[in-house]
Every structure is written in C-alpha cells, then in structure tokens.
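Enquirer: So the sequences go chain by chain: A and B. Following UniProt numbering, the numbering of the first sequence begins with 1 at its first residue and continues without gaps. Following UniProt numbering, the numbering of the second sequence begins with 1 at its first residue and continues without gaps.
Hints were generated in silico from the structure; no laboratory data involved. All values derive from a computational prediction rather than experimental measurement.
Copies of the same chain look alike in the list, so a pair counts if it works inside one copy or between any two.
DSS-like mimics (lysine-lysine), calculated; alpha carbons at most 25 angstroms apart, straight line:
#	residue 1	residue 2
1	K281	K6
2	K76	K338
3	K423	K433
4	K6	K32
5	K6	K474
6	K338	K39
7	K44	K72
8	K44	K66
9	K458	K433
10	K338	K433
11	K72	K23
12	K394	K6
13	K393	K6
14	K39	K6
15	K44	K444
16	K473	K6
17	K39	K473
18	K44	K338
19	K338	K458
What follows is the residue order along each chain.
Number of protein chains: 2
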Amino acid sequence: MLARFKPLIDHSEGQLFLSETFKIIVEEVLCKGTDVTQKVCDWKEPEELAWLLDLELRATGEPQHKLLERVKDVAKYSIKTSHPRFFNQLYGGVDYHSLAGRFLTEALNTNLFTYEVAPVFVLMENEVLRGLRQLVGWTEGDGIFCPGGSTSNMFAMNLARYQLFPEVKSRGLWGLPRLTVFTSSESHYSVKKGAAYLGIGTDNVIVVKVDDGGRMIPKDLDEKIMLAKSQGTVPFLVSCTAGTTVQGAFDPLDHIADVCEKHKLWMHVDAAWGGSVLFSKQHRHLMKGVDRANSVGWNPHKMLVAGLQCSALLLQDTTNLLRRCHSASASYLFQQDKFYDVNLDVGDKSVQCSRKVDCLKLWLMWKAVGSAGLEERVDKAFIHVRYLVEEMKKREGFQLLHEPEFVNVCFWFTPPSMRGNEKHADYQERLAKVAPVIKERMMKQGTMMVGYQPLGNKVNFFRVIAFSPLLSKKDMDFFLDEIERLGNDL
Amino acid sequence: MLARFKPLIDHSEGQLFLSETFKIIVEEVLCKGTDVTQKVCDWKEPEELAWLLDLELRATGEPQHKLLERVKDVAKYSIKTSHPRFFNQLYGGVDYHSLAGRFLTEALNTNLFTYEVAPVFVLMENEVLRGLRQLVGWTEGDGIFCPGGSTSNMFAMNLARYQLFPEVKSRGLWGLPRLTVFTSSESHYSVKKGAAYLGIGTDNVIVVKVDDGGRMIPKDLDEKIMLAKSQGTVPFLVSCTAGTTVQGAFDPLDHIADVCEKHKLWMHVDAAWGGSVLFSKQHRHLMKGVDRANSVGWNPHKMLVAGLQCSALLLQDTTNLLRRCHSASASYLFQQDKFYDVNLDVGDKSVQCSRKVDCLKLWLMWKAVGSAGLEERVDKAFIHVRYLVEEMKKREGFQLLHEPEFVNVCFWFTPPSMRGNEKHADYQERLAKVAPVIKERMMKQGTMMVGYQPLGNKVNFFRVIAFSPLLSKKDMDFFLDEIERLGNDL
Ligand SMILES: Cc1ncc(COP(=O)(O)O)c(C=O)c1O
Ligand SMILES: Cc1ncc(COP(=O)(O)O)c(C=O)c1O
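Looking at chain A on its own, in the form it has when it is part of the complex:
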C-alpha cells in the first residue's frame, strides 16, 4: 500500500545522472565542439545515423550507463554550432553567461504568464525590454519575447491590423476591405507565412523592389501603396528589414518612415538579424529612423549569441494595444481578484499560453559584459568582415556580390578551370553547381560549414556569416583556404 504513495523519482540518482551529463556537455560540446582541430560535423547518412542512435522508444527503460552513452552519441553526431568554423547560419558561437542563464531557466521550469509563478522573470523581462527599447530610442513603450522572429513579425502584423480595425478580433476579416502588406523582395519569408496564417493571404503581400545592395526602394514603395489603394485595397503595414537574411542589407528606414507617415501606415522593422548594431555607436547609423517605427523585432539569439530562442518584439505603443489585441482574459489564470497588481500578469499579451522564459540568458550576459561588451562584439564582427573581404580581393576566384553593408559576405567561388570563361554560354549554369559540390565535400569531411543559395537571377553563391565571439583571424584564413582546397579541382 505505501509503495503506491512513494515518490517515483530518486533525487540522488537523478542528480548523479545530471552531473555526468554536465561533464559530457563540457567535454564534448564545449571543449571538443569549439576546438578547431575537431570536426564541425560528423556526417552520417540518415539511415546510418538512425541506426547508430537506436531511436526506438520501447516499453522498458534502460540503465544509467546506457543512457549516458546515448547522451554522448547525441552530442557526437550533432552539429557543433559553437565551433568557430560554423559559418552556416545567423546563429552560432557560445556565451557562457548566457548558457548558464539557460541552464538555470530550464531548472526553474516556469512559465512567463503570471507574477505568481514567475515573479523574477516578469520584472526581468520588463527591464530587458526597456533596455532594448532605449537602444531603439524609445523612453516608453511595450513589448514581449516571442518564440522566434517570425512570430514577432506576425504579432506586428496582427497589431497593425487590430489598431486599424479593432472589430477584426471578434468578427474576423469578413466585412473588412481587402488589406495589403508591403515588404521588400528580400525580406524574410515569415512575412508571407504570417500573411497566410493570419488569413490575409500571400497575394496581399505586395513585394517592393530593392536596389543593387538589396535595400527597399522607398519610391517604389510609395508607388505600390498608391496603386494598391487605387485598386481598392487598404494598405495597413510596411514591414521593412534591418539586416536582410541573405545579403545583410538595411532598408532606408528614415525614408520609409516618411512614406509610412504620408500614408498613415504601421511601420514594422524586422531587425531580427541587424538589430544588434544598435549597441554600436559606430554602426547604429545603419538603422537611422528606427525610432519612427511602430514596432521592431529583434533576435538577440542571432548576433548577440544569447542562444536559441531569444526574440523580442518592441513597441512604441503606450495604450496597451498588445494586451487589448491578444487578450482572452481567461478567468482561471488571470483572476482579477488577486492580492497583487494584476497588470504584472503579462501572459495575456501573447497568443501563447505557456511561454518560455527567454529573458534571463540575455539579462545575465548583458550584466556580465555590459552594453560596452556587447558593443565590442558588434564592432569586432565588422572588423572581421572587413578583413575577410580584403583577403578575398587578394585571392583569385573569389567574387563578391557587392561590398557588404553588414556581416554577411556573399560571394561566388570560381574554380581555376572556369576562370576567364565568364562569357561562355554555360558559365552561369556551371557556376550554380560549384557551391553545392563544395558544400557536400565540406560536410562529409566535417571541416567547416557555410551556406549557399540563389537569389533572384543570381545563381548559387556562398553566404558566410562572421560574427561569433569565438572567431579569430586564423579561422577566416582557414575559411578561404578551405574553399579553395575543396573547390580547386572543379
């Protein structure tokens, strides 16, 4: 009888397992995983990997030593995104203070919805949002952490729509005129995903032209807005980008703000990637005009290395729009007869119910290095990129798409056999095949990782992202040598 009421978890056994896992994490992920003499990835074909991992879930449990092997295997076969030679995505690197914050977040295991269950984090999120808003140039406002920049973009879309037509919340889009959104051809795909998800439809996302550097052209924006109006639709949102995903371009926010003002449109700045330049006195001019926006999305999990996920939506609004737009006022969670100020129950500002605590890791990192330390990281990334670009210019076969504005360096690599043949009819077709082959070779050898993609009429080119605080000059030299080594025989 008593056994039925005994706790099912043995703390000392559990804590031992956790300690052993911690050791494996330090050794495999943090030491080996950031060691340039070790591989970035240990490529396996899916069938083989599935077999190695023995993924099947069974009726009976396994002994601790077996489970620790599994922990090791997961670490071994996972990509080392903290490795200095992981140039593949807009995230990477590691910051130990942030990581400590993340472990603590996981251990505390609470939800950011009420002050009751998250007193520390309600106040902390508020303070971190305030700090970010200050960098935007706002002394007041609102905001929330979202599960990713895509969600931030979608929240902005929902807010813009609600502000113009509050009845949409109860009645839906029926009865409203057709709404249109404006964004550049190089903006993040989440704008279109958002339009589809929110019932607006991708056809109602009007694509604005970009200049050679990938920046939205305000004149084209203005014309497209007027055209859309003349066709009977109601423009309600311009979603600009500060740091585009592929080219790292900054839309000219100040000019766009003029257009938005003229047409009275909500201006959203998707600064998921570029927002971090706001820490830098030297580079924040790239976002001049951002303080005129209605909302800004910013992902500290990218350039600031805060760790996935960390994405803030910042608002200039002081009218509680976020809560009015998203609230459902559930009486089981957001009781109004609580003994504390129920405005501290921030959960109803989101469309989520459970919401992960994403502020602690950023807060702890910020406390550790200060705004000045974060500024230094941003400035160094620009210095690294400058170095990389100058080195590329010294070497044959590296052709930049254009001078980078930010820390994305986009280039084609032309193998020796193709050099001088730029005018040949099949040159572009052959060039398009170079990057995928180099990528396959680098993945299979595991020496580094970098992404490639086509863009508009430009065939496959590499996009190298150089911002990790673990990066050194050697890694950039290695990068260039390695591209040559892998591609010279093509």
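Starting from the known structure of chain A, arrange chain B with the ligands on it as the hints suggest.
Expert: Frame of chain A, contents of chain B with the ligands only:
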C-alpha cells in the same frame, strides 16, 4: 592589431562560471527547491523584488563572483515549481533525465529546420512523434513540435481551413464564406485566441454546452452545427478537449466523431493536458475514439514532466498537408539541390523559422523509464487523486464540485464560521472571497501553492493538481491540513 582578431570569449573562465552555476542549480533549485522543509516561494512585493534583484542593465560588466550572486538570487526568489507542494499549474515536478536532455539541448544550440544543422533531432523528432501517434492509434501520419499547446491548437485550425479552402493561403479569407469553429464552453482559451489571430474572429467560435462534469454535449454540437449552416456559415472545425484545464473533463470523443463524420468536419482533439492517459491501459478509455480525429495536440511538458516547452501536434494526414499549408519554400534555407533527401528539412512544416529542439528531453526520459515507466506515473497520479478525494470526504468544510474524472480536484473550502449557512443570501458572495484570502496567506508564508478560479456560475473554488512524480502521501495530507490552517479563522 592582433587584439582586434583575438576571440572575445575565454573558455576556461566561462566553463568555470558554468560549473559554479551548475552547483548553485543543484543546491538551490534541485535540493532546496524540492525539500518540503523549504519554502515553495519567497514572496516579495514587486518593488522590493526589483530592488533586491538590481535588474538595471548598465554600460560596464560585472565580476564573476557578483554574477554568481545574481544567479543565486534568481534561484532564491523564483517559484520552486518542482517542489512537491507546488499544486498551482498543469506543470510541475522534475525529471532528471528530461532535465539532462534540456541542458544538452541548450548547449547544442541548434534549430530544428534542416537535416544539415540538426541531423540527430530531425530523426529523433520523427521517432518521438511516431511513438506518440502509435498511442493515439495511428500507424501513419505526420506531426510537429510547437511552442506550446496553444500553437498546436492554432495549427490545427489553420490546417482544417486550408484543407477545405486551399486558396485561403494565397487569397486570404476574402471571397470565402464565413467560417465557424465549434468548441465547448470549458475548452482552453487558445481556441478563441487562435480564431482572432487567424482572422476568423471570436464571434465565429460557437460555444457548445457541457454536461455537469464539464464534457461537451454531442447533441448540442450537432444542433449548433445545423443552426450555423442554416445561417449561411460554413462549419469547418470541431475542437474538442481531452482533459479540460479547470475540471479535467474528457469530451466524449467517439460521439463527437460521429457528429464530425456526419457533417464532414475536421475533428481536433486538444489533449494538451489529458493526452498522457494514452500511456495507461487502465485509463486510456477516457479518450476512446481519439483515433478517429484528424489532429491531436498533446503537451508532454504537463503531466509527463518533460519540461517547458514540449508540445506535439499529431496528424492522421499522409498527404503532406502540414507542409503544403505552412511552406514558403525559402530558397536560402530549403535549397532543392542539396546532396541529401530534402524531405528531411522539416522546417517548412511550421510557421516558425527558428524552432527550438523540444524532442530530446522527452526522448531521453522515455528511453530512461520506458513506456511502462510513464504508464506508472499516470496510474499513480490517479491513485493520488483518489486518496485526496477520499480524505476530503472525511473532513468537514471540503466540498467537491463533482467526482474528478482526471487529476484535477476542484473543491470549495468552507471555513467553520460559514458552515451550515449555505442557504444565507450572502453565502456565495462570502464563499467567493475565501479562496483569494487563503491564497494570499499561503503565498506570503510560502508553504504551498494552489490555484483558484470561478467557472460559469460557480464562485471561486480551488483546483488542486496532483500528478508530480515527487508527490507523496504526506504532501497530500499536508495540503489538506494547510488549507484548514490557513482558512479556519475566516
Ligand atoms: C531578417 C530576418 N527576419 C526574421 C527571421 C526569423 O527569425 P526566427 O528564425 O527567429 O523566426 C530571420 C531568420 O533568419 C531573419 O533573418
Ligand atoms: C486543455 C488545454 N489546452 C491547451 C493549453 C495550452 O497549452 P500551452 O500552455 O502549452 O499553450 C492548455 C494549457 O494549460 C490546456 O489546459
């Protein structure tokens, strides 16, 4: 010159900080935080807490010892959700294998969007989803982990809409007839939030009546669907609940499936809370008929103690509906000329871009205890609840709303001074004030946490959630004693 290219992070210093944090986590969160002689919460007024935490973000960084104090403070003032006397939410407790998986996930810091950057997790998520689907009764199908059950419910809504009217993705809701959703009056508020967010509108969520136990009444559903049709709307989704948030009721899925079949509607089962009964041979009958659903949302972060966030949407569909509905086919991420099977790039199944890895913690826990171990946890929770209910019946002043179907026990506590006065005019009004006062006292003393809420015409009652694997008989006895101690003088 060289300093400009030196890495900004010192690994040994960083790893030392991480180790020290790990020690604090074990001591403060896992040892003290689960020790019944320690407080569940250390209540502070917001102003005082803000002052204690010194939240402000400054220009300069702080020394390591100071930062470790901050780590300690965050732990100290946070709610101990793993504490056996945290009865406040549908999450709580701790599982060390899951926690180990969460630490590893954080350290590996990758995104679940391509096989390239998440080879282990693409395969693992697939296997975990397969395991969950098997419990639903499906040998085939699809699915995805979402940032919470609310998102799972919204995805289901978007899928149902897209299946009926695929053109909605490009054209939006304009041109479509008014769509209606059906859900019970006790379903989770995310159904309404979703309808607002997706442009459908909360007015188009038709609320179906529940019986005394809080279960949807299929006959009322059928009638409401016919009425909605007769009013010219197009019903497209029934969102039922398996384990309602407050009362823990299970909608009669089999009967609802008949109604859905008759009207050809998408049947979604929100089993965020109740889904875990599927592990139990003894209790899975509560969800009889679930295999007839089109989609099931299930949060292993609740009853299974997998840790926040862990929420799966499961689909019976085998036509790639999820990808067709949500994809944007971004060429920079989901290149089609990769050297491996691009179907492994699962990211386009989501409206998210970055997506946290939520499968590892569940996988590791499942491997550790097996399906049999998870079954045992579910069965024990029912045994605990049975004990609690029987003890309540033995004591004066505890009045159940009804016999619990699941592990939510809803009850009023009537202080001695009010007993026998049930017929008095102000009885309900006075009763409504009892729970908030007891709650305030318990928070300020920090001895335990339990939630209360009103529901329909029922005034404030307590909802105690008893499922944590750390729970013992003593904790339940304590719970009852403590309610009496805190409320007897009211
Ligand atoms: C410019 C831009 N906006 C938005 C996003 C989406 O952010 P998330 O991946 O956090 O959803 C990205 C992702 O790379 C991005 O580059
Ligand atoms: C029945 C039910 N559905 C959905 C949800 C929402 O899940 P989440 O909090 O993960 O968004 C909850 C949350 O408690 C719930 O109880």
